[in-house]
Each structure stands twice: as structure tokens, then as C-alpha cells.
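Asker: Sequence:
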Amino acid sequence: MTVIPLPRRDEPSTGPYGVDHLLSESRAKLDRVTPHQALSLQKQGGLLIDIRPQADRLTEGEIPGALTVERIVLEWRLDPSGPHRLTGLRPDLPVVLVCNEGYASSLAAAQAQSLGLTRATDLAGGFRAWKDAGLPVRVGGSTPL
Numbered sequence: 095m096t097v098i099p100l101p102r103r104d105e106p107s108t109g110p111y112g113v114d115h116l117l118s119e120s121r122a123k124l125d126r127v128t129p130h131q132a133l134s135l136q137k138q139g140g141l142l143i144d145i146r147p148q149a150d151r152l153t154e155g156e157i158p159g160a161l162t163v164e165r166i167v168l169e170w171r172l173d174p175s176g177p178h179r180l181t182g183l184r185p186d187l188p189v190v191l192v193c194n195e196g197y198a199s200s201l202a203a204a205q206a207q208s209l210g211l212t213r214a215t216d217l218a219g220g221f222r223a224w225k226d227a228g229l230p231v232r233v234g235g236s237t238p239l
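Quick note on numbering: our numbering labels position 43 of the sequence shown as 137, and the sequence is numbered without any gaps.
Just so you know, these hints were derived from the structure itself, not from any lab.
Take these hints with a grain of salt, some might be off.
What the hints assert, rightly or not - Across the chosen pairs, the derived CB separations fall in these ranges: (1) Ser134 - Pro110: 28 to 38 Å; (2) Gly182 - Thr237: 15 to 25 Å; (3) His115 - Gly139: 30 to 40 Å; (4) Val97 - Gly139: 45 to 55 Å; (5) Thr212 - His115: 35 to 45 Å; (6) Ser208 - Pro177: 13 to 23 Å; (7) Gly112 - Glu169: 20 to 30 Å; (8) Gly228 - Gln138: 19 to 29 Å; (9) Lys123 - Arg232: 29 to 39 Å; (10) Pro185 - Val97: 38 to 48 Å; (11) Asp125 - Pro158: 18 to 28 Å; (12) Leu239 - Pro185: 17 to 27 Å; (13) Gly176 - Val97: 32 to 42 Å; (14) His178 - Gly235: 18 to 28 Å.
As the list claims (entries may be wrong) - Each computed DSS-like pair below joins lysine-lysine, with the alpha-carbon atoms no more than 30 Å apart: (15) Lys225 - Lys137; (16) Lys123 - Lys137; (17) Lys123 - Lys225.
Every value quoted in this text rests on a predicted model; they were computed, and no experiment measured them.
Glycine is no exception: its CB is placed at the ideal position from the N, C-alpha and C atoms.
Working from the sequences, and respecting the hints, build out all of it.
Answerer: Laid out in C-alpha cells, this is it:
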């Protein structure tokens, strides 16, 4: 089996395909937020949803009050009309998705909008930007929903 190396970040894909194109299309739909804006939305009743793997949350910590949802079940938890949705979820609720650095969360937030969550977005820079901004962090490892 031949293993093809992943492209370096300074080698963007060309054409209307590839992950860079998908990321660009996804972000064009979003009003991405800074860590301080995410905190403000959380204080106003918006949901922060951490989609990072448990190993990352254990190592780096978690945002207090953020829900943790494994990426593999995210769409089922974010379907505002689905039987497996998060409690209190509704189409107009601000939802901020958080990953490590703000890449996977952009893709997930665009998907959440496609599910009907009109105010879904993501945290620019991800959890690491939150932590770098000096915002609260707690010991990680909470059980995903």
C-alpha cells in the first residue's frame, strides 16, 4: 500500500475541490466569533459545544459550561427536530462549536446551519485561542453527551 503524504499548509489545493475549498466554503457561511464574543454569547444563554476528542480535553482542559459532544454523533445532537437533540436546542439559539484550532469546528458549524441552526458558528482559533486569551479553563475529561 502506498501512503500519500498530507499536503503542507502552504500548499493549498487548487480548483473547486479538496479540504481547503470545503473549509473556505464553510467559513463563508459563518460569522465566526472571538473567544470574548463566545464567552458573551454563553453568558446570554448560547451554547458552547466542544467537539474535541476526550484525549485533547484531558490534556488541555475544557471551557467551563461548554457541552461536550463527540464529533461522530454531532449531527444527531444538533438536529433541532430530531429525537436525539440536545435539551433546549432550537433553530434560533446561538451555538458556538469549538475544536482545537478552529478548523474542524468551521466544517461542523456549516453543517449545523444546514440542519437548521441559523445562528451556528465556531470559535476562531478554537480552544487554544480561548486559553491564550486568558479565559477560564477547567480540568478536562467530562463525559460527552
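Asker: So, against the hints stated earlier in the document, which numbers end up violated here?
Answerer: As far as the earlier hints go, only 5 is violated by this structure.
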